[in-house]
Amino acid sequence: MPKQIMQMMVNGEAYEVAVEPSWMLLDVLRKELGLTGTKKGCDVGDCGACTVIMDGKAVNSCLILCVEADGAQILTVEGLAAQTEGDSALHPLQKSFLDHGAVQCGFCTPGMLMTAKVLLDENPHPSEDEVRSAMAGNICRCTGYVKIVDAVMAVGTD
Amino acid sequence: MRRIEYFAPETVDEAVALLGRYGESVSILAGGTDLLVEIKHKVRTPDQLVNIKKIAGLVGLTYKQSAGLRIGALTTVRAVETSQVIQEKYAGLAQAAQALGSVQIRNRATVAGNICRASPSADIPPPLMADDATVRIYGPDGERVIALENFFTGPGQTVLNTDEILIEIIVPNPLPGTGKVYLKHGRRKAMELATVGAAVSLTLEEDICIRARVVLGAVAPTPIRVHEVEDVLQGIFIDEKVIGDAARIAMKVARPISDVRSSAEYRLQITEIITKRAITQALALAKTA
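Keeping their order, the protein sequence lines are chains A and B.
Position in the first sequence (from 1) plus 4 gives the number in this note's numbering.
In terms of this note's numbering, the second sequence has 82 at position 86, counting the first letter as 1, and numbering is strictly consecutive.
These are calculated hints, taken from the structure and not from any lab test.
Keep in mind that this is a model prediction, so the values were computed, not measured.
Built from N, CA and C at the ideal position, the CB exists for glycine as well.
Some hints could be false.
Unchecked claim - No farther apart than 25 angstroms at their CA atoms in a straight line, the calculated lysine to aspartate or glutamate pairs in the DMTMM-like style are these:
1. B:Lys185 - A:Asp154
2. B:Lys185 - A:Asp50
3. B:Lys185 - A:Glu132
4. A:Lys44 - B:Glu34
5. B:Lys49 - A:Asp74
6. A:Lys44 - B:Glu188
7. B:Lys49 - A:Asp31
Stated by the list, open to error - Looking from chain B toward chain A, a few residues come up when the C-beta cut is under 7 angstroms (computed):
8. Met(-3)
9. Arg(-1)
10. Ile0
11. Glu1
12. Tyr2
13. Thr29
14. Leu32
15. Val33
16. Lys36
17. Ser98
18. Val99
19. Gln100
20. Ile101
21. Asn103
22. Arg104
23. Ala186
Between the sequences and the hints, there should be enough to build the whole structure, so can you do that?
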């Protein structure tokens, strides 16, 4: 089967890409678009490192064929700061993660940020239980999660 | 991932025609959260994928007191989890939806997909079976309607022919005085397959249980309605002794296997405990319903 041409908006920019149907959204974002902020961890939807926001919802990009994203609006971690009002270079979640020491090796961080962003968009002032439950699909090997939860809660109470 | 031919039909008839043409080598792609994992692990090796997400009329979640709940095949688990009417009137189903995977998975996974994948430990079937759900199936010869409890024939196996698609799930309106619960036991609190799942629906009329449904997941080749337990609960005033007896019967009827997640012996013990808890909670909810 020949490659298919598909269109998607990523971080506010329109892209047209020729893709094999078997290519995953994760791989196209990283390799074709050069947006390597989104990480490949388990590649089977268990770890959440590949989380992006597609049409307003947090999804595992490792489990979406790129052709399924035809016409979609996608936000990756690279586009997070641009969502912020004002001149700050960082999204409030990013700043909070740094302030709280919620980043160690940083591999889980982009996925954590995307999941947290959608959580706060839907539920601006979540309880700790709600944060932990919403972020259950993002695994961290380094931090033990405490600082991550603190960082998200801190933005939630603003 | 292996190379595949990809189709995105816009009508059910086109989809069914594709399924008919390619037979055993084609898979339906809806949420993809199970299928794509299996393809990556080379457990399934389809040559064609039929993406059904462009078919109009398969999304939709509607509730009417007269008609009950209708769940379209493309309705996501997340939509079911967050639906107010489902939380109020089909609480077991909402709990099962919330217990499935992660938010990211639930945003893509479909309720119909969880049913059709027919994993013995699937979360969605037990509460739907406890609610007497039926499914509408569409194929080249038209439609048929099957009770969900007759849908599963074995681990990963259903009554679906290779050229049929499940298009809708229909759940009757609950009777007044009904309490519903789905409890999932696992080794961890999230991102886990059930080691034992229990769905209970009890309807009380003047303190007497007039309708009981008890469905267990992960303890048999398919989700199972446990008639033996329902029989001891129906027609009487349920007290602690009755619940204890019912839970012990559940343990006797369950026939789990030992696998990577749990031993059969442990699952049997948990079956008794989870059944007891589920009946107790459903009873409390029925009293206030």
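Results for each hint:
As the CA atoms of Lys185 of chain B and Asp154 of chain A are separated by approximately 20 angstroms, the hinted pair is consistent with the 25 angstroms bound. Between Lys185 of chain B and Asp50 of chain A, the direct Cα distance comes to roughly 14 angstroms. Compliance with the 25 angstroms bound is thereby established for this hinted pair. Distance check on the hinted pair: Lys185 of chain B and Glu132 of chain A sit about 15 angstroms apart at the alpha-carbon level, within 25 angstroms; holds. With a C-alpha separation of about 17 angstroms, the suggested pairing of Lys44 of chain A with Glu34 of chain B holds against the 25 angstroms cut-off.
Pair hint Lys49 of chain B plus Asp74 of chain A holds up; C-alpha atoms about 12 angstroms apart against a cutoff of 25 angstroms. Distance hint between Lys44 of chain A and Glu188 of chain B is fulfilled; the C-alpha atoms sit about 21 angstroms from each other, no more than 25 angstroms. For the given pair, Lys49 of chain B sits about 22 angstroms from Asp31 of chain A by alpha-carbon distance, which is consistent with the 25 angstroms threshold. Because the beta carbon of Met(-3) of chain B sits about 5 angstroms from the nearest beta carbon in chain A, less than 7 angstroms, this interface hint is met.
With a cut of 7 angstroms, the hint placing Arg(-1) of chain B at the interface with chain A holds, because the nearest CB-to-CB distance is about 5 angstroms. At a threshold of 7 angstroms, the smallest CB-CB gap from Ile0 of chain B to chain A is about 5 angstroms, leaving the interface hint in force. Satisfaction of the interface hint for Glu1 of chain B is found here, the shortest Cβ-Cβ separation to chain A being roughly 5 angstroms, below the 7 angstroms cut-off. At a threshold of 7 angstroms, the smallest CB-CB gap from Tyr2 of chain B to chain A is about 3 angstroms, leaving the interface hint in force.
Look at Thr29 of chain B: its Cβ gets to within about 5 angstroms of chain A, closer than 7 angstroms, so that hint holds up. With a cut of 7 angstroms, the hint placing Leu32 of chain B at the interface with chain A holds, because the nearest CB-to-CB distance is about 5 angstroms. Hint status for Val33 of chain B relative to chain A: holds, with the closest Cβ pair at about 5 angstroms, below 7 angstroms. The beta carbon of Lys36 of chain B is positioned within 7 angstroms of a beta carbon in chain A (closest approach about 6 angstroms), and the interface hint is therefore held.
Against a cut-off of 7 angstroms between C-beta atoms, the interface hint on Ser98 of chain B holds, since the closest Cβ of chain A lies about 2 angstroms away. With a least beta-carbon distance of about 6 angstroms to chain A, the hint placing Val99 of chain B at the interface is held under the 7 angstroms criterion. A least Cβ separation of about 5 angstroms between Gln100 of chain B and chain A falls short of the 7 angstroms threshold, and the interface hint therefore holds. Proximity of Ile101 of chain B to chain A holds as hinted, the smallest CB-CB distance being about 6 angstroms (cut-off 7 angstroms).
Annotation: interface hint on Asn103 of chain B holds; nearest CB of chain A at approximately 4 angstroms, less than 7 angstroms. A cut of 7 angstroms between beta carbons decides the hint on Arg104 of chain B: the least distance to chain A is about 6 angstroms, and the hint holds. Because the beta carbon of Ala186 of chain B sits about 4 angstroms from the nearest beta carbon in chain A, less than 7 angstroms, this interface hint is met.
In this structure, none of the earlier numbered hints is contradicted; all agree with it.
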